[in-house]
Structure formats: structure tokens, C-alpha cells
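Just need the whole structure built from these sequences, with the hints factored in.
Per UniProt numbering, the very first residue in the sequence shown carries number 1; after that it's consecutive.
Honestly, the hints are just simulated from the structure, not real lab data.
Even glycine gets a Cβ: it sits at the ideal position worked out from N, Cα and C.
Heads up, a few of these hints could be off.
Claimed, not checked - Straight-line C-alpha distance at most 25 Å; calculated DSS-like pairs for lysine-lysine: (1) Lys-571 - Lys-435; (2) Lys-424 - Lys-435; (3) Lys-307 - Lys-293; (4) Lys-459 - Lys-447; (5) Lys-435 - Lys-447; (6) Lys-133 - Lys-257; (7) Lys-293 - Lys-656; (8) Lys-568 - Lys-492.
What the hints assert, rightly or not - Derived DEER-like restraints, expressed as beta-carbon distance ranges: (9) Asp-717 - Ile-539: 38 to 46 Å; (10) Leu-580 - Val-560: 20 to 28 Å; (11) Val-355 - Leu-532: 48 to 56 Å; (12) Asp-717 - Leu-389: 41 to 49 Å; (13) Asp-717 - Ile-279: 44 to 52 Å; (14) Leu-561 - Ala-490: 16 to 24 Å; (15) Lys-257 - Val-700: 19 to 27 Å; (16) Lys-257 - Thr-647: 22 to 30 Å; (17) Pro-588 - Arg-425: 12 to 20 Å; (18) Pro-588 - Val-560: 28 to 36 Å; (19) Ile-493 - Val-718: 43 to 51 Å; (20) Arg-312 - Ile-279: 30 to 38 Å; (21) Ala-490 - Leu-569: 20 to 28 Å.
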Amino acid sequence: MRSLSMSRVPRHRTASSQRHALLPAQSGPVVPNLALPQSLRFESTCSVYPLSRHDSMGAKGRAAPETSLTEAGPVGVKKTKLRSSTPGLDNEIKAWWIPRRWKALHKRLDYSYFIFPPTNRFRLYCARFSDHKYFDHAILLCIGLNCITLAMERPSIPPRSTEREVLVLANYIFTVVFAVEMALKTIAHGLFIGTRPYAHSGWNVMDGLIVVVSLVDAFLALVAPSNSPKIFGVLRVFRLLRSLRPLRVINRAPGLKLVVETLLTSLRPIGNIVLISAIFFLIFGILGVQLFKGTFWHCQGPPSAIKNVRNRSDCLALSARGVAGVSWVNRKYNFDNVGQALMALFVLSSKDGWVNIMYNGLDAVGVDLQPIENWNEWRLLFFISFLLLVGFFVLNMFVGVVVENFHRCREEQEAEERARRAVKRAERLERRRQKLKEPPYYANYSKIRLYQHNVVTSKYFDLAIALVIGVNVLTMAMEHYLMPHELLYALKIFNYFFTAVFFFEAFFKLVALGLRRYISDRWNQLDVAIVLLSIVGIILEEMENDLIPINPTIIRVMRVLRIARILKLLKMARGIRALLDTVFQALPQVTNLGTLFFLLFFIFSTLGVEMFGRLECDDQHPCEGLGEHAHFRNFGMAFLTLFRVATGDNWNGIMKDALRSDCRSDDECITNCCVSPIIAPIYFVIFVLLAQFTLVNVVVAVLMRHLQESNQIMRDDVLMDDEIEREIHLEHLRQLERHDAEKALNNRHPAVTEVNQMLQARETETLGTSTNFPPVSAAAAASTSSNHQKHPEERTYLSAPTAQSLGASLPDLHNRRSQQRKDTL
1 MRSLSMSRVP
11 RHRTASSQRH
21 ALLPAQSGPV
31 VPNLALPQSL
41 RFESTCSVYP
51 LSRHDSMGAK
61 GRAAPETSLT
71 EAGPVGVKKT
81 KLRSSTPGLD
91 NEIKAWWIPR
101 RWKALHKRLD
111 YSYFIFPPTN
121 RFRLYCARFS
131 DHKYFDHAIL
141 LCIGLNCITL
151 AMERPSIPPR
161 STEREVLVLA
171 NYIFTVVFAV
181 EMALKTIAHG
191 LFIGTRPYAH
201 SGWNVMDGLI
211 VVVSLVDAFL
221 ALVAPSNSPK
231 IFGVLRVFRL
241 LRSLRPLRVI
251 NRAPGLKLVV
261 ETLLTSLRPI
271 GNIVLISAIF
281 FLIFGILGVQ
291 LFKGTFWHCQ
301 GPPSAIKNVR
311 NRSDCLALSA
321 RGVAGVSWVN
331 RKYNFDNVGQ
341 ALMALFVLSS
351 KDGWVNIMYN
361 GLDAVGVDLQ
371 PIENWNEWRL
381 LFFISFLLLV
391 GFFVLNMFVG
401 VVVENFHRCR
411 EEQEAEERAR
421 RAVKRAERLE
431 RRRQKLKEPP
441 YYANYSKIRL
451 YQHNVVTSKY
461 FDLAIALVIG
471 VNVLTMAMEH
481 YLMPHELLYA
491 LKIFNYFFTA
501 VFFFEAFFKL
511 VALGLRRYIS
521 DRWNQLDVAI
531 VLLSIVGIIL
541 EEMENDLIPI
551 NPTIIRVMRV
561 LRIARILKLL
571 KMARGIRALL
581 DTVFQALPQV
591 TNLGTLFFLL
601 FFIFSTLGVE
611 MFGRLECDDQ
621 HPCEGLGEHA
631 HFRNFGMAFL
641 TLFRVATGDN
651 WNGIMKDALR
661 SDCRSDDECI
671 TNCCVSPIIA
681 PIYFVIFVLL
691 AQFTLVNVVV
701 AVLMRHLQES
711 NQIMRDDVLM
721 DDEIEREIHL
731 EHLRQLERHD
741 AEKALNNRHP
751 AVTEVNQMLQ
761 ARETETLGTS
771 TNFPPVSAAA
781 AASTSSNHQK
791 HPEERTYLSA
801 PTAQSLGASL
811 PDLHNRRSQQ
821 RKDTL
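See below:
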């Protein structure tokens with residue numbers, strides 16, 4: 001493939017230059033001294049391998065150091081090696097959709113849009129700009145601002161108001177920004193063909209689809225007449241799709257992206273359990289249709305007016321005579337067809353409002369007949385068996401499989417994290433070993449300070465403080481409304497006393513441990529904060545009665561903050577502290593799941609405002625779930641309503657109100673509008689499945705897994721402490737032996753090597769791993785040899801400490817060594 005130069009070709013060239021220009025390029029095009037982005041570098045091997053952002057950027061977003069991708073050329077010029085997509089085949093595979101007769105395009109497979117070559121200045125600048133970390137930060141900021149404008153949308157905004165015009169303008173601006181971002185990335189890396197084509201990432205495809213939808217929405221809003229009903233319906237659909245823009249955050253948050261990919265990966269192997277659940281739902285749905293089809297209709301009206309109604313004809317006769325409020329209606333959750341039956345069974349499986357559906361089935365008499373209380377009690381078996389099999393077993397099995405697959409995928413993706421934890425554990429082991437070898441920090445304390453240190457670090461001191469905290473909690477629990485003056489005064493004195501106790505506790509510990517050592521402990525930081533808050537609260541209470549005006553709210557806040565003293569009890573309980581440490585360790589992963597939760601709530605809240613924001617609840621349109629404190633008229637209340645749905649509190653009543661039939665669902669509706677009776681169940685069922693069944697259980701499972709790992713770490717720490725203590729004890733014995741042996745002996749004896757090897761073997765047996773201590777000096781072995789001659793009765797064994805620590809005698813060692821030499825020979 002002929003290479004092109006970035007610079008303009010001169011009009012007049014020498015013969016030599018023309019001859020060289022006709023030859024095939026050996027080292028690629030000559031380009032100015034411009035550092036190529038990693039994703040656009042090519043080698044002469046004709047193989048293009050996608051480079052991830054991690055490979056192309058450094059630890060802090062800086063470009064990785066240059067490798068041997070360029071060769072030295074003239075001054076200010078670098079020769080770049082071209083690299084194509086695999087030896088001649090990969091480009092053809094990537095461009096299978098290009099007809100072979102279009103040879104010009106096949107020659108430009110490494111061009112973005114078949115226009116910009118890899119060495120084009122504009123393409124290089126686009127790559128540098130789009131790959132920079134600040135560019136991602138700016139796009140992330142724009143996504144956040146766009147989410148704010150989406151949250152401000154509500155149906156009650158007047159069409160020609162300033163707020164509406166500002167929101168429309170902001171929508172156009174963000175659409176242009178996201179379109180420019182997409183254009184820069186596709187020019188830099190190619191759309192379908194290239195080293196890192198834009199469309200080869202699923203997240204980029206999602207971003208691109210959202211951008212295309214936004215562009216179509218903006219185009220239709222600009223050119224189409226706003227009074228056209230069909231165009232209004234299309235625009236409403238695009239406004240619904242606009243709510244998906246927050247999903248673009250996932251591609252720019254690595255932790256959140258990992259969680260989402262793990263969840264998606266964990267959903268792949270659950271096909272069997274999904275099939276089992278679908279079969280159970282379908283079986284019970286068909287059975288419910290056979291048992292209850294057409295029997296959930298009833299006469300609705302005042303009890304006194306319908307008490308003698310027996311069938312549909314009686315009800316319609318009352319309505320024809322003008323009796324107010326009498327009508328023949330159907331239940332919202334019924335079994336008239338399989339679709340309605342599946343929706344009713346899903347509400348049953350969620351265990352919210354299942355009792356009403358069950359009693360409706362028990363009261364059903366027949367088609368066009370008024371229900372009678374407990375008409376057929378044997379139908380109870382249908383509902384109880386469904387709850388036992390599906391509600392308790394199948395759905396929990398589904399959740400369990402999802403959680404288990406989530407953990408399995410997470411473990412596969414966290415191999416580096418486990419290796420990092422192993423390195424941290426080794427470093428912690430070394431720090432503890434060095435700390436135990438060093439003299440204690442209180443070695444140079446005076447007698448008074450040492451006595452104070454022993455007091456504040458004793459368990460009896462902690463027990464006394466715990467007793468004081470318990471009494472303080474009891475006194476705080478004695479406060480109530482309309483307290484007598486005597487009790488109020490007594491509680492005030494108790495508060496002063498407890499504050500003084502906590503102050504002196506912190507003061508004595510500060511003196512005994514030192515400022516740096518005391519503040520380094522987070523629990524001590526909590527103690528200091530509690531003491532300061534208590535002192536400030538007392539000062540404000542005393543100033544309240546003086547001439548200086550104090551806001552009563554501040555006084556109430558300071559009194560409420562006294563409850564933080566209860567947290568001091570956590571300092572005494574090791575198990576609770578371990579549990580809190582587990583929660584803090586799980587916070588990064590739980591934070592990512594929480595962010596995913598927020599995105600889910602945000603998207604469904606904006607969708608809910610668009611779909612259900614015009615639903616009205618009044619005397620003419622009574623509601624069961626929606627009302628003053630639960631509606632979709634603005635983003636805040638929609639978010640709170642969905643949180644209520646996620647907790648399972650009367651969410652079936654909210655869905656009933658969304659399924660109302662006495663409302664307008666056309667595109668020109670302004671007030672009391674509703675959506676299709678098919679879309680509303682899909683909206684609520686998907687949200688309940690994701691929020692109530694899946695994500696909540698995944699968060700609980702993550703916390704449980706971290707608690708299990710924390711318990712294992714605690715056991716490992718105990719074993720590590722025992723190991724260090726054995727190591728220190730053995731080294732202490734060794735130093736004693738060396739000290740005894742070096743008193744009277746020289747430093748030359750052939751038994752030194754054997755003694756050191758025996759000590760090392762003994763250390764290996766004791767500690768489980770070989771530890772290199774300073775070797776025993778030759779004087780120790782020489783001492784043993786000298787003692788063999790001077791004291792024959794003691795020549796068999798080393799001194800008592802050595803014999804105890806080594807568990808072997810020198811003659812036995814010599815015999816074993818001699819036998820080993822003979823075996824070797």
C-alpha cells in the first residue's frame with residue numbers, strides 16, 4: 001500500500017527524489033516530529049491490534065512512554081512504521097461488507113471514514129483530544145448537567161415560558177456536545193474499521209444510539225410543525241428515549257462499568273432458571289384462566305344499593321334506574337386471558353396485595369354473577385401452592401443463581417485484587433515483625449507517665465468507661481415531653497458529669513499515648529469529636545439564657561448529636577468493630593452498586609414523569625396508590641414513589657392507578673392522561689425485577705461476602721501473630737545461646753556450619769518457612785568442642801537452653817552428617 005506524506009508534495013522534484021518516490025515505501029511515510037497517539041501507531045508487520053486505554057495511557061492519564069515504534073530520520077522528522085490489522089487478512093474480515101470490486105476502498109481500510117489517513121494532522125489532533133483525560137472529565141460534567149436538566153422536566157411547564165425555552169436550548173447544546181464527541185472519536189479511531197474502531201465496543205454503540213436518537217429528536221423538534229398529532233406522538237417517544245442519556249455515565253466510570261459488566265455476565269448462565277420460572281408462571285397462568293376467566297366482574301356501588309344484586313342484569317338495571325355510582329366493572333388484576341393472568345401472578349409472587357387477589361378468587365361465583373364471600377374455599381389451594389412454589393422457591397432460586405454467578409464472575413475479574421491483598425498482607429506481616437523486634441514506645445517513659453499509660457490501656461479502664469457510657473445512655477433515654485423541672489435539672493447535671501468524664505478520658509489518653517499516636521486511631525478521633533460537640537452544646541445552652549440570641553434549632557441539633565456518645569460503645573466491642581470494618585471495606589463495591597441504583601431510579605423517574613405525570617387523583621378519578629404523597633408530577637416525588645415501589649409498599653395499587661381506563665391515552669392529551677395498558681405493566685414489572693429482586697439482593701450478598709472475608713482475615717491475623725511470637729521466641733533463645741557460647745571461645749571451629757544448618761532446620765519446623773537469622777558464630781561451636789575436652793560428662797549435649805530450643809545433640813548431628821557423606825560417596 002502506497003504511503004502518503006502529511007506534508008504537501010512539492011511541485012518540482014529532482015530525478016533522484018522521483019526515483020525514490022516510485023519505489024515501495026520501506027519504513028512508512030515521512031511525518032513531522034509529532035508524537036502519534038498509541039491507538040494510531042503502525043508497524044511494518046501489517047497487523048493492527050486494538051490497544052486499550054489502559055495500554056495507551058499512563059497511571060494518571062498521561063501518555064505512555066514512547067516505544068520502538070519510530071525510527072530516527074532527518075532533523076525534526078520521524079519515520080513511522082506502519083502497522084495494519086493482521087497479516088493481510090484482518091482488514092478483509094473487518095471489511096467483508098465492502099464489495100471486492102471497490103478496490104479503492106480496500107486500499108483505504110486504515111483510513112477513518114475512508115478519508116483521513118493514520119498520519120493526517122486533523123486525525124492526530126482528534127485522537128489526542130478525544131483520548132485526553134480532561135476531555136472525558138468534561139464530557140462527564142456535561143452528562144451530569146444534562147441529567148439536571150432532565151430532572152427539571154415536568155408536564156406542568158407552560159409551552160412558551162422562559163423555563164421551557166431554557167430547557168429546550170440546553171437540550172440542543174448537550175446534543176451538539178455529544179455529537180461532537182462521537183465525531184471526534186470516530187474520526188480518530190474509525191467507525192467500523194481501525195485499530196480501535198468506535199463500533200467495536202458495546203458501550204460506544206449504546207452511546208452512539210443515544211446520540212442518534214437525540215439528533216433525530218432535535219431535528220424533528222426544529223423542522224416539524226408542533227401542532228401535528230402524529231409528529232407530537234413521535235416526539236413523545238423520542239422524549240422517552242432521551243431519559244436513557246444517564247447510561248452514558250457507565251462507560252466513563254471504571255468501577256461502575258465493571259459492576260454492570262459483571263451483572264450482565266452473571267445473567268448469561270441463568271437461562272435454565274428463567275425457563276423454569278417461565279414454565280411455572282405459564283402453567284399457573286393457564287390454570288388460572290381455566291378457573292377464573294370472566295368471574296372477577298362485579299357490581300360496584302354503595303353497599304346499601306347493591307346488597308340484593310345477584311348478577312349482571314340486576315346491576316345494569318340499578319344503573320338504568322339512575323342509582324348513583326352503580327356499575328358493572330372488572331377487577332384490575334384478573335384471569336380473563338393469559339396476559340392478565342401473568343400480571344396478576346407476578347403481583348402475587350411479589351407478596352404485595354396478594355391477599356386481595358386470593359379473596360377475589362375465593363368469592364368468584366361465575367361469569368356475569370355477583371361474587372359471594374368465600375364461595376369456594378378450595379380455590380385457596382391454587383394461590384397457596386403458587387406462593388409456595390413460585391413466590392418462595394422459584395424466585396428466590398432465581399435471585400440466588402444471579403448472586404452466585406455475580407460472585408463467580410467477580411472473583412474471576414478480581415485476580416489482581418487478590419494478588420494485591422496478598423502483597424498487603426505480606427507487608428503487614430513484615431511491619432508487625434519489625435514492630436515486635438523494636439523496643440516499645442513507652443520504654444523511656446517516666447514512672448508517672450508509665451503508670452498513667454498502664455491505667456488507660458488496661459481492660460478495667462475500658463470497662464469503667466463502658467459503664468459510664470451505659471449510664472449516660474439511660475439518662476438520655478429518660479428525656480420525654482413535658483418533663484418536670486427537677487428531672488430536667490438532674491439530667492443537666494448528669495450531662496455535665498459525663499462530659500467531664502469523657503474529657504478527662506481523652507486528656508489522659510492524649511498524655512499517655514502522645515498526640516500523634518492518639519490522633520492516628522480513628523476511634524480516638526471519634527472520642528475527640530464527641531467531647532468537642534458536648535462542650536460546644538453546653539456552651540450554647542448556657543448562652544441561650546443570656547443576652548446573646550441563639551437559634552433554638554442549633555440547640556436542638558447539638559442535643560441530638562449527644563446520641564453520638566453511644567458510638568463509643570462500639571469501640572469496646574471487637575466483633576462490632578470488625579463488622580464496621582467490613583462495611584467500610586465493602587463501601588467501594590457497594591458504592592458502585594449504589595451508583596447503579598441511582599441511575600436506575602433516575603431513568604425510571606424521568607420515564608415516569610413523562611408517562612404518568614398527567615394522571616389525576618380526585619373525586620371523579622379515585623386512586624388506590626397514587627395521591628398527595630405519591631405521584632409522578634415532578635422528578636422528586638417520582639423518585640420517592642419509585643423508592644416506595646422498591647420497598648414493596650402498595651406498589652400494586654400504584655400500578656392499578658396507572659392501568660385506569662377512564663383517561664385519555666392519545667398524543668394530544670393535556671390533563672388526566674395515561675399510557676397504554678400494555679406499557680404500564682412492563683414499566684413496573686421491569687423496575688420491580690431490577691430494584692426489588694435483583695440489585696437489593698446483590699448488595700446484601702456483597703456485604704455477606706465481605707463479612708466472610710473479614711472473618712477469614714481476622715483468623716489469619718491471629719495465626720500471623722502466633723507465628724511472629726514463635727519466631728521472636730526462637731530468635732531470643734538463639735541469642736541467649738550465642739551470648740553464653742561467645743564468652744570464652746574463639747571464632748574457629750568446623751562445627752559452625754552444622755550448628756547453623758541445624759538451627760535453620762529447627763526454625764523451619766517451628767515456623768513452617770525458612771527464616772534467615774544471623775548465623776551462630778564459630779565461637780558457639782568452639783565452645784562446644786572445648787567443653788567436650790574439659791567436661792566429658794557434658795560433652796554429649798549443648799547447654800540446657802540450646803538443647804531445649806534445638807532438640808538435638810551435637811554427636812547426633814555429626815553422626816547424621818557422616819552418614820549423609822557416606823551415602824553421597
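Hints violated by the structure (listed by number, smallest first): As far as the earlier hints go, not one is violated by this structure.
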